[in-house]
Amino acid sequence: MRIWAKFIGYARFKSPWLLHFDCGSCNGCDIEILACLTPVYDLERFGIVNVGNPLHADVLLVSGTVNPRNRIVLENLFNQMPAPKVVVAIGACGLSGGIFRGAYNVVGGIDRVIPVDVYVPGCPPRPEAIIDGVRLGLEKLRTGGVTLDSKDGPIGATKENHPCSRTN
Amino acid sequence: MRNALLALSGLLAAPLAGSLLIGLDRILTARLQSRIGPPVLQPIFDVVKLFGKERVVVNAWQAFSAYAYLAAVAVAVVLFFIRSDLLVIFLIQAVGTVFIVVGALASASPFSQVGGYRELLQSLACEPLLVLVIAGIYLETGSFAITAVDRWPQPLMVRLPLLFISLLFVMAVKLRKSPFDFAACRHAHQELVGGVLTDYSGPFLALIEVGHWFETVLMLGICSLFWADNWAAMLALAGAAYLTMVWLDNVTARMNWRLLFGYAWLLGLPLALINLFWLYRG
Amino acid sequence: MHFQRVKPVRTTEIIVAILILWPLAAAILCYLVRSDRLRNKLVPVTGVLLTTAALLLSIHIPFSFGLEPSAEKVIDVLILSIDILLLGVILFIGLRHRHRLIPILAILQLVLIGFNEFYPVPTPRVNPIVHCDALSLLLVLIVSIVGSVICVQALAYMKTHEAHLQLSASRQHRFFAVMLLFLAAMNGLVLADKLSYLYFFFEITTICSYLLIAHDATPAAITNALRALWINSFGGLALVAAVLWFARFHGINAFQQFKADDFRSAVWLLPLAFMCLAGFVKAAQFPFQSWLLGAMVAPTPVSALLHSSTMVKAGVYLVLRVAPFFQDTFLGLCVALFGAFAFLAAAALALGQRNGKRVLAYSTISNLGLMFACAGFGTPMALTAAVILLLFHAVTKALLFLCVGAIEQGIDSRDIEDMRGLYTRMPLTALITVAGVIFMIMPPFGLLVGKWMALEAAARNLAALLMLALGSALTVMYWARWAGTLMSDPLDGRFRPESQPVLTWGALGILSFGIVALSTAVPWLYGALLQAAAGDVPAYSVHNGAMENPTGIFSVFPLCLAAGFGFILALGAVRHARQARIVSPYMCGAQQPEPGVFTGPMNQPVKSEAGNYYFAFLFGEERLTGWINAGALLLLTLLIGGTLR
Amino acid sequence: MLANELIIGLDSLLGEAARLKRDGYRFVTMTALRLNGTRTEILYHFDRELHFRHLRLTVTGDATVPSITPVYFGAFLAENEIQDLFGILFEGLVIDYRRTLFLETSIEPAPFCRFNVKRKAKSDSPAGEER
Amino acid sequence: MKVQTKDALRLKPRSVIPFGPQHPVFPEPLQLKLTVEEEMITEAIPVFGYVHRGLEQLCAQRDFHQMVQVVERVCGICSVMHAMCYCQAIEEIMAVEVPRRAVYLRTIWAELHRLQSHLLWLGLFADSFGFESLFMQFWRIREKVLDINEATAGNRVIVSINVVGGVRRDLAAENVRWLLPILEQVETDIRRLESTVIDDVTIRKRTVGKGILNGDRARELGAVGPTLRGSGVAQDTRQTGYAVYAELDFQPVVETSGDCYARCRVRFYETLQSIDLIRQAVAGMPPGDIAVTVKGRPQGEAVARVEQPRGELFYYIKADGSKNLERVRIRAPSFANMPSLVTMLPGMWFSDVPVIVLSIDPCISCTER
Amino acid sequence: MFSMTSTVLRNLVTRKSTRLYPQEVRSPFERVRGDLEREAANCTYCGVCAAKCPSQCIRVKKATATWIHDPTACVFCGTCVETCPEKCLHHTERPRPPFTAKDATITEGFKY
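Residue numbers (this note's numbering), protein chains in the order written: chain A, 1 to 168; chain B, 169 to 450; chain C, 451 to 1095; chain D, 1096 to 1226; chain E, 1227 to 1595; chain F, 1596 to 1707.
Source of the hints: derived by calculation from the structure; they are not laboratory data.
Ideal placement from N, C-alpha and C gives every residue a C-beta, glycine not left out.
One or more of the hints may lead you astray.
[Stated by the list, open to error] Okay, derived cross-link-like pairs now, PhoX-like style, lysine-lysine, Cα gap no bigger than 25 Å in a straight line:
(1) K1682(F) with K1431(E)
(2) K609(C) with K523(C)
(3) K1549(E) with K1611(F)
(4) K1647(F) with K1611(F)
(5) K1521(E) with K1611(F)
(6) K1682(F) with K1656(F)
(7) K1647(F) with K1657(F)
(8) K1370(E) with K1611(F)
(9) K6(A) with K140(A)
(10) K1682(F) with K1521(E)
(11) K1521(E) with K1549(E)
(12) K1657(F) with K1682(F)
[Said to hold, decoys possible] One-sided and incomplete, this derived list gives chain C residues near chain B with beta-carbon spacing under 10 Å:
(13) I464
(14) A467
(15) R484
(16) I888
(17) A919
(18) S922
(19) A1012
(20) A1013
(21) A1060
Looking at chain A on its own, in the form it has when it is part of the complex (with noise of 0.2 Å):
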């Protein structure tokens, strides 16, 4: 049972599925994540495919900045996707809201949101940024510690779970 639990959690290291959703980003970490999928840098070398279906995807890239109307469509895919699952912040207004913080249609950060397990700064991040941080997020999926079960209900950005009160 050990060897299979194992060879689980190789398979979930060599077969990321990636869901994307832009939550208000200018399209610039958007692009740069397609980017990764294409030719020059060729994530599928990681096992990684752009699934587009939170039922299938084992990792959430979110850029941009959060706004009232699609933090819900956040929080909405982030509870349909199956556990284990990272979710991977992209780009400066993904991290903090980044230059738009202030603006009145501005939430800030997908931490606000859902937890999150990876950080990748930039604006926007280049793919090689983009590689590291996905693949981040893979290690931490291997060793454990990523929001393994969602059983308990939809996560929202509350106290416990959020990231900022549970790391450090």
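Given chain A, work out where chains B, C, D, E and F should sit, using these hints.
This is chains B, C, D, E and F only, laid out in the frame that chain A set:
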């Protein structure tokens, strides 16, 4: 006893061969796109990972459909390995299709539903072709049993070349290859997201993926019957057919189902009929 | 299986009498004593009796018997006078409703019969008058068992039905009287060997169907009943013409006198073609399909009993009975093409239907077409296919009709679109319906065994093969669409039992179980009954539970085993999956907590909908029926004209 | 004080728009800007052969502006946007998102407002897709 | 908006499909509420607001220099044009004379951006009809353009090169020498795909006759850019001669059939046109300063427009003499093309939705800002 | 017809265009705007960078000699680098690596 051994080997070898084939397919596709591509074992990693995921269902009966689909294609492959009746194999693999559709329709997601209808339309377009292909084999060998093909002195290809082209149509559809991957697409960059597979998740998706391995092997198996002289020729023909599929996948845009009907019924069906007509006359 | 008449004749005579006369008596009793309590007992008792009798009959086949000449004469006269009476009734109905065709057709039949009586030709005395071989037995079993189940279920159905209609006075006595009378007539029809008796029972079924369709007495019911009456009268005319032709020109008045070698010239084949025509009419083949479709206005048990599982089988029986005689003739080829065409055309029309009962009706026509095609091919394999289809179609279609009846009473609609997500409202009925669909289109169930044989038998006929291949694909499409629709909707995984009368559950249970059991037992049934019903030459050898011949092999037992195993596995998976986390279906992330609802424009909740595809532009009735009728007429002309060569 | 500018009033707006359309002008966009007090300026930008033409309309308070979407269908997004962000309502919008084009109703008041206008519900007029 | 096609047939139950906000064919969140009858679209209602950030209002919080960085991030694909247009408007208000070399550099980067944006679009468009290997090819070529960006401006996508009064970086001579052969390569690569994009049967099956918009209708709906030029209207904002376009030799690429195929052709040939323009600009680039120091604060109002890859980009700026601008109004081309999209969809097949939507190259972040 | 064939076949035989990123790292271009670094020794805490930053992601307190830069909000535009009077800010060639948790001192320093 021999049959039992054959059946067992079919059950074990088919998914393995199917997964490796799809792994190779992904590498080759990547190379054609100037990429490196995933490791050969990638399909196996994918499936193992999916088995290890949380069970998330949209409708519990989808689980039924997934199992039924897998069972149907597995039985079809087993029947193929014990060299049973081609028509029975056809009917049983059609069961798999129906369960895929019922599973897709069981979800309230419009993407899954539309995918279900498209899957039905696909089978509507290509099942008559498959029946005609099988009938052609019967007319040539005098029996629907595959054993008759094994015993047949000359390759079927000699007398059934047009039917083989029709079979390639069916293969393109069944293997979900572009240009006919509009019901469910492996790349998912299409209007239907995952098509019929949209609302399957985790272990259930894994079952369907394994089923797809079986189906791939089955289709290539039927293909290989056209040159059943020796193992090398069978493998070569199946390999060539699969290469054709990969090539087609990479040089065509996705069609829609109207165009599929156009091609399958206005091109594939007449081709098959012309070939059958020869056989009746000859 | 060649027993000469060694069995005591007396037993078989009693059984035959029970099969025909008991339901007749019960019908009269039903009509006269208008008591619910009596009826509620009488109908099940009749059912049990008929079932027992039919089963008992199976150990005596084949047998035939005649009557004393004096007795036969009495019965002849009796039957002739009832014939004339019936035609008089039909004439009266036609005149009363100012129908143009019915009186003409009735008068034509009367003229023919009267002409025969006034200018009789000497014919050899007929003995036997009753002949029961495996084919007849098969029909008797279907009529007696499936028919009884439907009648018993109708007890429950009609109660709700009448409550729904809010009638002042119950008309159930009449309804059940006609239903039972119909069972008697059907048994008589398949057991009678003498052609004039056959015609007599044929007419009774026509009248019965008229009465039952018109039962609700709504304008639509009357119109459709009249349509059924005139079309079936046309069939009656064809039959009487054929019967009289045989009697007057060939001196033949019973099936037993047919000899295959005779049927080589037009004078022999033409009446045979007429007989086939009568069969086509009764089986509602194109272009006569409209009566069957119209008959759907009747209460659902009527549809189940008359119009799909039993009455239309009379037509198939008639053609199968004469099939050995047109084997290898042009007529046979035409029948095969005609049947294959009907199979394809009806499947196409069914695809364009969203009325569940009409889908069933077209599916019936389609399957009957397939049986005719098999009869036309005439090879042992094809005839085996025909009888297997006959058996399994009757049972499966009865099941589906009862399901649709239950659904209709549950949701007040026959529209397939309204059945979307029926599982959440009527889970068990929905599941049984889905099971019925699965029985229709999936191996290893009997119908598919039949279809497999039919396809293998058709492989030598390119045109028929093409039509069958296309038709099968269409068939799968419309059934799978329906099954998927029933199961669609987001579910919380809970099973809420629904309430249905115990009789309905019983009927549905018996039929479903029957199909599974019979399907598993196909190899055994084949040896015991079906092979004999299909003719003298065995088409398949059975070993290890597989049907096998040089053409192909269908391993029924192993496949049933696999199917059962797969079913249990999959059911376990469902139970297991119910424990899993239920999530919303994929809605592009816009879903709301309420199932199937997404956030649309202006933040308003929008119910996501998914409509079935019906391809009205291609498969709509308005679009296709004309062409199909024309094609069928063409084939019929070819069929009749071809005999004149 | 843009070049090629015409100052118009509420009543001459639609006529002017229709005239521009007749003259073959393409609708470019609309700009709203909040002036001091309760006045709001709405600029309509048009273009013909790569030359601009602007209409300047000044409205006061929570006046309702006639929509030019019956003339220029393409203006529906711009007008809806101004409804959202400035709280000015348009009368006769062909597709009316009822102030939900960009913003959730939770964002109150309209972000470009320097004073509070009441979000008037336009519930009495049917929404765009019913027309 | 409800554009009904024919009478609804009795036998056509409708489906209501939420197409987006998260949908793999849209890189950005946009929702189309589609009503479909047997896969034919009868009604399409777009839903916006998933990318709205409200950055026009940020001018109250950032000074007019900082706003350059903000408007660059309206859209990550065409950031140069946004900054350029913004700077042009401010420069007009403040009457700043921008050095010639800076204007040339702006033009070069703008055309590089157009080139990468069109290549990106061609890839996405190929993906919209499931031609994955073509998608990969175009994106592979695009990487070379991005390399030029990265080497010359320091970043791949959002190059942050414009400032009010000029540009921030100069193009060194060795960079120019290095850039031209790469452009050569890019051009060869693109030309190699010409026969596929223009002639492939399967592509034509999916694009010809889809989403037809005739010239009059396009003008009436306010369409701009390739959407307009695909409908036979030869209008290109670059003809106004902003930056140095007045000195460069080019003709707008125009197609007449007005369908997705025409728009695809326009963009495809515009990539080659961009390469040509870059070459012209590089050849004609004068020596000199790359920026002037801007002193003082703007007061007044101005409009400016440039040709973005998707069409005409329009800025209206009003300044009241303070450090912060009073109003920045951005009308991106996708905003102007949305009405065309809404009218193009009904009557088309569901499988054509991605093709038609992508054919206007929608940039939702531009549309909603 | 299938004119893509020549392209895909050429791809099959020519060198793959994939950069094997984690194994082989391409040498960066000059003056690439990577991570932001400060040479604390030269910094006078004048606050020009904080004032000019369009993303407002730098906080400077002269009194306590603190200079906090929030990498989660920084858009790496280079404005601070150009405007720093002491030239003590510069971009590295490598982008800032991803991290799994926000730095508490930064989140404390920037309450937004």
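Against the structure, the hints come out as follows:
1. K1682(F) with K1431(E): 59 Å, violated
2. K609(C) with K523(C): 43 Å, violated
3. K1549(E) with K1611(F): 52 Å, violated
4. K1647(F) with K1611(F): Violated. K1647(F) to K1611(F) sits at ~44 Å, over the 25 Å cutoff.
5. K1521(E) with K1611(F): 51 Å, violated
6. K1682(F) with K1656(F): 18 Å, holds
7. K1647(F) with K1657(F): Holds: K1647(F) and K1657(F) sit about 16 Å apart, inside 25 Å.
8. K1370(E) with K1611(F): 14 Å, holds
9. K6(A) with K140(A): Measuring from Cα to Cα gives roughly 14 Å; hence the hint holds.
10. K1682(F) with K1521(E): 22 Å, holds
11. K1521(E) with K1549(E): 11 Å, holds
12. K1657(F) with K1682(F): OK: K1657(F) and K1682(F) at ~17 Å, within 25 Å.
13. I464: For I464(C), the interface hint is violated, since the closest Cβ of chain B sits about 44 Å away, which is over 10 Å.
14. A467: With a minimum Cβ separation of about 44 Å from chain B (threshold 10 Å), the hint on A467(C) is violated.
15. R484: This interface hint is violated because 46 Å lies over the 10 Å limit.
16. I888: At 8 Å from the nearest chain B Cβ, I888(C) passes the 10 Å test, so the hint holds.
17. A919: With a minimum Cβ separation of about 4 Å from chain B (threshold 10 Å), the hint on A919(C) holds.
18. S922: Since chain B brings a Cβ to about 7 Å from S922(C), closer than 10 Å, the hint holds.
19. A1012: 5 Å, holds
20. A1013: Holds, about 8 Å.
21. A1060: 4 Å, holds
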